[in-house]
Structure formats: structure tokens, C-alpha cells
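2 protein chains.
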Amino acid sequence: MKLAIIGAGTVGTSVAEMAVTYGHTVTALTDSTSASIDSDGLDVEATLSQKRDTNEIGTDSVEDALASEYDVLVEATPTTLDTAQPAYDHIRAAFERDRDVVLANKGPVAQRYADVRALERESEGELRFEATVGGAMPVLSTIEDYGPEHVTALRGVLNGTANFILSRMAAEGLDYEHVLVEAQDLGVAEADPSFDVEGTDTALKCVIAANVLAQGEREYTLDDASVDGIVGTSGSALSLANADGRTVRLVGEIVDDEIRVGPRIIPQQSPLVVSGTENIVQLATENAGLLSVSGHGAGGSATAISIMADIRRLE
Amino acid sequence: MKLAIIGAGTVGTSVAEMAVTYGHTVTALTDSTSASIDSDGLDVEATLSQKRDTNEIGTDSVEDALASEYDVLVEATPTTLDTAQPAYDHIRAAFERDRDVVLANKGPVAQRYADVRALERESEGELRFEATVGGAMPVLSTIEDYGPEHVTALRGVLNGTANFILSRMAAEGLDYEHVLVEAQDLGVAEADPSFDVEGTDTALKCVIAANVLAQGEREYTLDDASVDGIVGTSGSALSLANADGRTVRLVGEIVDDEIRVGPRIIPQQSPLVVSGTENIVQLATENAGLLSVSGHGAGGSATAISIMADIRRLE
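Chains A and B, in that order, give the protein sequences. In this text, residue positions in the first sequence follow the UniProt record's numbering: the first is 1, and each later residue adds one. In this text, residue positions in the second sequence follow the UniProt record's numbering: the first is 1, and each later residue adds one.
Hints listed in this document are in silico derivations from the structure and should not be mistaken for laboratory results. Treat the hints with care, since some could be wrong.
A pair holds if it fits inside one copy or across any two, identical chains being indistinguishable in the list.
[Unchecked claim] Capping the alpha-carbon separation at 25 Å, the derived lysine to any residue pairs in SDA-like fashion look like this:
#, residue 1, residue 2
1, K2, R313
2, K2, E286
3, K2, D43
Could you build all of it, start to finish, from the sequences and the hints given here?
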């Protein structure tokens, strides 16, 4: 397939690099202000080198890229909330040309799900967004295959930064501030970590999953989620839990049609107690108990392989 | 979709009962000697009642069912090895009529994989067999979506009977014979448990997965697997392991293109240490580390929901 990749950050770059090994051609790659376009296929390495050297990906415009020849638009610009722009406009441009759209960007399907599905209905193109929930883990495809109507609840650890921090606090008896700095030094937490540690990232993923489960009966946005983060969790909270054979993890859940995110005290042997930056999602199914998927929930490669899986499903 | 369900044991019965809630029509249902056929859709409850009362499912023949009007043939007769009959003939009959085939029966894709794929290539029909590996867990679909060529190894606990026995031995310090009887009383182990406790069931599932991963480059059968079971595992082996914070589980793995099944001593915190009859499969991916799926690996409902998922993928 010919891929137009919108966004050249960690995810866009990983998708561009992985695309060739999956048999695809990258015909356009954009950053926030420019684009590189070649309908016969870009030299991805050369294009990324140019970006590193000149801070511009090419001499074309993002508009040119949206108008170029491609099969699938991969939206990998940074997640924005509210109106989910400019991602929403990118999606609309693709659907107006009956192209398929694969999202890594959570904004459109968290904050404007009904609008995006309406654009899709008007189009020959199809929307997929596995990478927006759980990185490499096949969460949305499992829900899709088993039938959203047959999945009765979802629960998971969906943010690697928060999980890493809590794991380290528990393992070493350290306090939050200390481990946050360690996480930032390792590149596991951002300079501004609020999106992760305040629970927003987990909440967005639950909102997206809830929109899928609702199948159009109800539309969720971030405002519908009850969200508590892990900021300032004390080392003593973890020590107390540990004394009972339990620990604390940032858990997101969709239960009885409500979305809740917050630190939970859970038994140490619970499958939800994953280590480091691992993620896990448990789906309660109507007929077959709990199904769980776990793996790398974030990172360029983890996100990119779910985008490759979505593209394969479109073929 | 119209389903012709071949086999009215635990799995066939579960599929027939579940089909209607998934929006499908059961147009034929067979046991080993007879069939009930209605191209407008059987009354599944009445048909199953008749089977319970008379030990015959209907007054038509299995041949009639294979020749009847349907979209998808669901092969749910008991797994047989060697020539995988009569399942193989059922598959051939469906493909000769360009119908789709969904398997719960492991025999054809474990013992005659190349033959079955050849039949499929000659047909407009498509083959799917998620339910043959890991029950409710989305193992084969995950391999398919992420690309078999990008999955470098597989490891798992794939037999609930063996896992239940080892879990109970570890938890209670009981010996093998004692726990086997308990498992049989609970219906977790068969009267003749050899298929499960000798590792054959796990091996067949690994053989099927290995065939999928090989993508036609190599064909595996049960003879290619190195298989050790759990028969006669001693309580003291488990106690010794426990003293080191470890335990014993029956693990199947595909590593470096070889299939090995046997009891393994593993750390108690390993994700492979699942409880009771749970199963887990870990996939090593080229680009995104370990992906794991876990859930109910056996039972009528667990198997049936994977069949429903396969049918959804065919639509």
C-alpha cells in the first residue's frame, strides 16, 4: 500500500522506517510545516536525515501531501484535545478522497468520535485506530472480532510512565518525586509529565475504547471520565499496601458504561500488576470470562506495529 | 451468515446456541450419524432437545448436510490424528462448493496443513481456525495481523487440564494421582486424560501455530514436536521448586523453528504461571517485544466465541 504519513515525530518516524519491511511504500511524510512527497516512494532514510540536518522534512507543503497519491493516510501528529485539530482536518481530507485512514492520534476518536464516524460513513474509505489504545496490544481488534456487544467491561493498566513510577516506588521504597526524576532521566517520563501522571493518557484510551463498545448508542469524551492520577502518591501508601501483599497501580476501567481512572490497591499476584512500562488490558466477555492482552503500550515501534496491523486489515 | 455445523458435541452445541445471539442462522447441525437441516434456520433448542431425547440429531444424513445450502461450514467433530478424517473430507466438500470453513477441529491443520491449504487455494472459500489454538484467546488472529514473518517465537501454557493439575499440586502439596482424580470429578480432566496430561493437546496447538508461522516454507506435524507430559510429576518436584520461589508448568514453545512441549520450572511471578484452567500465549515480536494473550483456552463457550470471531472476519 502507498502510505501518506502525517507527522514525523517518534511514531511517524517509526512507521516510515517499518513500512518498507512490511512491503509498503511511503509516498508522503510530513512534519508540522512541510512535506516530502514521491508517488513512487520516498527514500525514507534520506528524508529522515534531511529532517535531522535541516529541521525540515521537505520542500512541499502539508496540503500538497494531503492532495498527493496514496492509499492510506496515517495520522501521527501529536494528540490534541478539544477540536482534535489539525488531525480532524487531515482525516476529513482523506475521507473526502475516499482514502483509508489509520490513526495513532487519539484526539479525533476520543473527542469527536461521532463526527469522525460520520465522515467515514460518507466515504468509501475506512477508519482504523488500533494504535490509539494500548500500543502494540491487540485491544480494539479483539473487541471488534469478538463483538463489542459481547464485551461487558474493560479494565487495564494503560500508561507505562505511571506504571513505571509506581513499580519503582514499590520495588525500592522510594518517594514519588525521586522516581519521577529517575523516569525523566531514563526518557520514560516527559519533561512535562502531566499527561501521563495525571491520568489523562489512560483516560483518553478508555474513552476511545468506550466509544467503540458503545457502537454509536452513546458518545464519550474526556469529560465523561472520572480521572485521578498518581501525582504525590506517597511511599507509605505503597508500603502499607505491601504489608498486606498488595500494591498500587493506575488502573483505567469501563464498567457499567462509566469510565473511571485512578490509583487502585490491588493484590500483588493480580495480572494487572505488570512491571515497568508494560501495559495490560482485560476484557470481560459475555460468554468466555476474562480475555487479557499485555505488552508494550507505548513507544515508536510498539505503536507502529499496530499501525501495520491496521493496514494489513485494510488490504 | 448461514452455518452448517458438523459435530454436536460440546463445541458444536455451544456454537449452535451462540450463533443466533451473533445474528447467524444455523441451517444444518450434524452428529456422527445424522443431521438436521433447514435452509431457513433450525430451531436450535428443539434440535438439541431431540438429540438429548433420542440420541439422534435428525433424520437427514451428514452427506445431506454437506450438500445443503450454507455460507460457512463449522467443523467441530472430535479431533483425529493421522489422516484427520472425517474432518478432512468435510473441509474438502465445503471448498469444492466454494464455501468458507471455520475449524474447531485441530486434526486437519496439525496433521495435513499443506493439503488443507492446497484445497483452499483451489477454492473461492476461505479457511479460518482461531479456535484450534488457545480457545477464546486471539492467538492466530494476532499472528495474522502483526504478520507471521514478524513473530519470532511463541511460548505458552495451552492446556487447562494439565495446568489445573499442576496448580493444585503446587497449592495444596498433593500428589499427581490425587489431583488427577479431583480433576476428573470436576470434569476438568477426561476419564482418559492422556491427550491432555501427556502433552499431546499442547503439542497439536503448537504444531498448528508453527504451520501458520512458517507460511508454507515448512510443514509441521505432531511427529515434529518433542513432547513430554506431566504424568507422574511428583509433589516433591513442586515443593523443591517452591522453596526457590518457582513452580512447574506444562509449557509449549516454538523457538528457532523447533517445537518443544514439557514441564518447565519457572519463577512464580512469571506471566506463564496462570491459575487453574487458564491459558496464556506469549508471542515474541521482531519490533515490539513480547505480546501476551491469556484467557479461557477450552470449553464450549470459549471455543465458540473464537468461531464467532472467525465468522465475523469472513463477513
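Now for the hints, and whether the structure bears them out:
no., hint, in the structure
1, K2 x R313, "both (15 Å within a copy, 24 Å between copies)"
2, K2 x E286, "between (39 Å within a copy, 23 Å between copies)"
3, K2 x D43, "within (13 Å within a copy, 48 Å between copies)"
Consistency note: the structure conflicts with none of the earlier hints.
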